[in-house]
Structures are given as structure tokens and as C-alpha cells.
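Engineer: The whole structure should be built from the sequences, with the hints applied where relevant.
Below are the chains, spelled out letter by letter.
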Amino acid sequence: MNDVSQGAQHVISRLMRESLVDKQVIAGTEAPVRAILPNLNVIQIGGLSIMDRGHTALLPLLDEIVQNQEKYTQVVGVGPGVRARHILSVGLDLGLPTGALATLAAKSSAQNAYMVSCLLANHGFVYLEAPFIVQLLPAMLAAARGAVFNGIPPYDLWEHPPAVGKIPPHGSDAGSYLVGEVFGARSIILLKDVDGVYDADPKSHPGAKLISEISAADLLAMKLETLPVEPVVLDLITRAKLAKQIRIVNGLVPGNLSRALAGEPVGTLIHA
Amino acid sequence: MTGNEMLTELGKRLVSGSLSDMALQRATDATPNVAILPWANVVKIGGQSIMDRGRAAVGPVVDEIVANLPRHKMILGTGAGTRARHVYSLAIDLGLPVGVLTVLGTAVAWQNAQMLHYLMAKHGIAFLEPEGFASLPHYLMERGAVICQGMPPYKLWEGNPLVGRIPPQRTDTGCFLIAEVFGARKMIFVKDEDGLFTADPKKDKGATHIPRISVQDLLQRDLDDLVVERAVLELMLRARNISEIQFVNGLKPGQLTAALDGEPVGTVIYNAQMVGRA
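Chains as they are written, first to last, in numbering that gives the first Met the number 0: chain C, 0 to 271; chain B, 0 to 277.
Keep in mind that the hints were calculated from the coordinates and are not lab data.
Note that beta-carbon positions come from the ideal geometry of N, C-alpha and C, so glycine has one too.
Please note that a few of the clues may not be correct.
If you only want the chain B side, here are some residues facing chain C, beta carbon under 8 Å, derived [unchecked claim]:
| no. | residue |
| --- | --- |
| 1 | 10 |
| 2 | 22 |
| 3 | 85 |
| 4 | 158 |
| 5 | 165 |
| 6 | 177 |
| 7 | 224 |
| 8 | 232 |
| 9 | 234 |
Structural biologist: As C-alpha cells, then:
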């Protein structure tokens, strides 16, 4: 050890001089987490499943969000849909890496979120980009009557390469879930075009059964070939500190969102 | 549908199928890999290990980077260090979630990047925020290096760690992912040790140096402490472009230059499954 190695100028803290990679140091940081916005409800509107269907699917859903505005604080994440699929197709054909694909796809969900915010504008909803979620969400919710955000998290070029293939693993389900987790939201509701999670793909297996409640670990262990939710969300739920459940409901069925907000057993509940 | 005629076969499946479909994900494997900046080297300057030591450590590292400007193009990312440890301790004590700790830690890496920028400004070296990365090729071509803060821009969207409360993806991970997405020539971590040891050499005098090890072997050893964030090792297994990362001692002049020149100084961690590929 040479002389200069002792020369770091430290700020005194419990973690001073510690390796933040050391397992014991990491384990020693376990402690309770406070919910920052415990009254928040995160509602995710699917891209392909809802947005791409246009007004027949979206407008009744937005009406239902507005009906619930008095009773519940709602922030709305929006997925990208078919335009993201298209740019993934072109981007993959060009040989672009996952981080570039994630950056490109995030613009499609930003467009969808912006459209939703326009449709909710006269009810006092605002559109917030990621930096404004970080800085302004509490103030906006105090002043405004709800917020709409881009469901895809701001991972951009820093998106993880997936275990298999090149499709960015953190899509709008993951982004909306993580907003719920970091603020300690009351509920996280993913609105899709299926009634929930089935024990097989209902599109190819007519006898598939709806699962009303399941743990994320059990669902992962079933190794289903397709899921109505990004698989990474299931991993995130197993590590949840605050947001220990999500509900997947059919947003094409009127009343489902209200029932989910009220905590009624609709769709599929996935818990930690 | 006639509108789909321009799509590739894979594209037709992408616009109609579920992205969580494993068969579809496997099909995306068979697409080409473009290296966006194949001549760029990502160099991470440690926070606690280099920046917190002040002039005694930072001065020689800056001199060495400047000396390499004519020969190597470098994306310089900074670590966070002792102020991050303080703010993490405080924020954990206050009950704040991991995403908030990431926002706080990012500010510390940013401070270090700014300081490095002030020291290198007279050589024309710019500092770039993640939002400014589109200008990065220009600065690299014109000036040979750029400075960025090392944290990935996950902010409140950082996932929880498996154990504890410290953000699992910090500046090692952020710099590694920059190297991976750009298909960089090298990923070099500048720290205050000669690389990887069998235990923390600051605490265990019997620790022995490991000059070269596969990431598979390293993960299997399940060491209590490591020279790099575990997330980097896990991401190495999935990386398509970066097949090895190198750790050098920034307190020993010449090691960074040797690593940039392709010499096996410090420790190299390599992906055994990528050897001979590409």
C-alpha cells in the first residue's frame, strides 16, 4: 500500500471507507422505507392493447378516470404500441443495440402520453417528462388534478441488454411499476385488452383459465411463453419494498378501472 | 395487410405479437450488431478511489489522460465516492426509497464530473449530460475526449437491490452500459488498487492479486467483496459488444496508458462465452 492510498478526504458517515459492493455492508443497510405519496394510484394504459384502438377504446376509459378524480389521486402512464414495434423492426434490421432501441421506442410512448394528456387537459391533468416527475410531481398533484407520464422509464442508452435477444426489457409496464414503487403508491393498475393473466395464452388455447391471484415468483416459475405484462415487472415485484402488488385488468370493459381502484377482485392480482 | 409489405419477416411478428413472447425474443438475436463508436474507450475515474483523494491522485490521472488525447479517444465517466456514502446513509436513515438515493448519488457523480471538467477545460474537453450524448461523436473526433457523470440516468426508476437499500446500478454500471451501447473499443476502470484480489486488500493483507479471470468464474466464487458492482458482472453475461473489462490502479502512473495501449495490466475480467466470437 503506498502513501497516497490513505489520502482520501472522507465525509464521516456510516458507510465511510466501506466498499458498497461488500455483501455485509449491503445487508447492513436494510431498513424500513417511507411512502412518499401513499395516496397515489398509478394507472398504466397499454399501447397496443388500448391506445392503438383509438377513441372507441380510449375515451370510455378516460371518462372513467375523470369519474374517479374526486375520490382518487391518479397518475397515468402510457405505453408505446405499434409505432414502437415498427421502430424496433427497422432498428433491429439496421443492427442497432438495445440502448438505442430503448431510446427510440420511448419517443412513441411519449407521443401517446402527450395525446392522453391533451384529452384530459380540461380536467386539470398535466403531462410530465421524467425530469418533472423527479422534481415536480408532488407540487403538480397539489396544484393540478392528475398527471400523465411516459410509461417507458428514462433508461435510454443505458437500457440493459436482455438475457435473450435485443428487445429492451424495461418497457412501459416496468416504468409505471417503478413510479408506483418509488412513491409508495396505494395501487398500481395495468389496463390491457385481456381480462388478466391466464395459465396459457388465451389467443391460442381456448380452454385457458384466468388466474385471479398469484405471487410474482409463482408466475415466473410457470415459465409461460407469453404474458400480458413485461416479465421484468415480476422480478421487480419480488424485490418490492412498498409496491407489493399490481393488478392487471381489462381496460376495454367499463367499470373495471373503478372496481380495481376500489380494491375489488377484478382481473389478476400479482403480489410479492 | 398491405401496409405490412415493407416490414421484414421479423417486423411482421413484432407489430402483431407479444413482446414477452420468448420465441420472438429469440428471433431478434439473429439481427446484425452495429458498433456505433468502435474506436471510443470508456474510462471510469473512481470516486472514493481517485476523486476524493484530491490533487495527489487526480493530478497525475489528468496528466495521463491529456498525454493520451492524441492517441486514444476517451469517454471519461466519474464515480461518486464519500459524499454519496454520506447522503446514502442519511437518506436510508430518513426512510427514503432506492430511487431517491439514485437521484442523490447522481448529484455526487455529477459534482466529480464537473471538477474533472474544470481541470481539463483548457484542453477543450467538454462535459455532457445524458441528454447531450448525441453530440458525443463530434467532441470525441474534435477533442479526443468528453466527460460525463457515471451514473445511469435511471433516477427514480432505479430498481430495488435484492438485499439492502443501496442503489445496485451505480457508476460502474452506467459506464459499462455506455461502452456496451456504443460498442466501445475498451472499458477501463481506474481505481486505487491493482485490480481484483481474493479479498479486500485494504482490510486483508493476505489477499492475492487476480490478473485475469472470467466473469463466469468470478460469479461462481461468490466473493463477499468485489472490485466492481455486481450488476456489471451480470450485465457482462448479456452483453453483445463488450467482451472484457479492465481495472487499473490510477495511483500508479502509466497503468492507464498501458491499458489503453492494450497491455494486460491490472485485472481483466472477460466473458468466456464471447472469446473467439465476433
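Engineer: Quick one: which hint numbers does this structure break? Sort them smallest to largest.
Structural biologist: Per hint list: single violation, 8.
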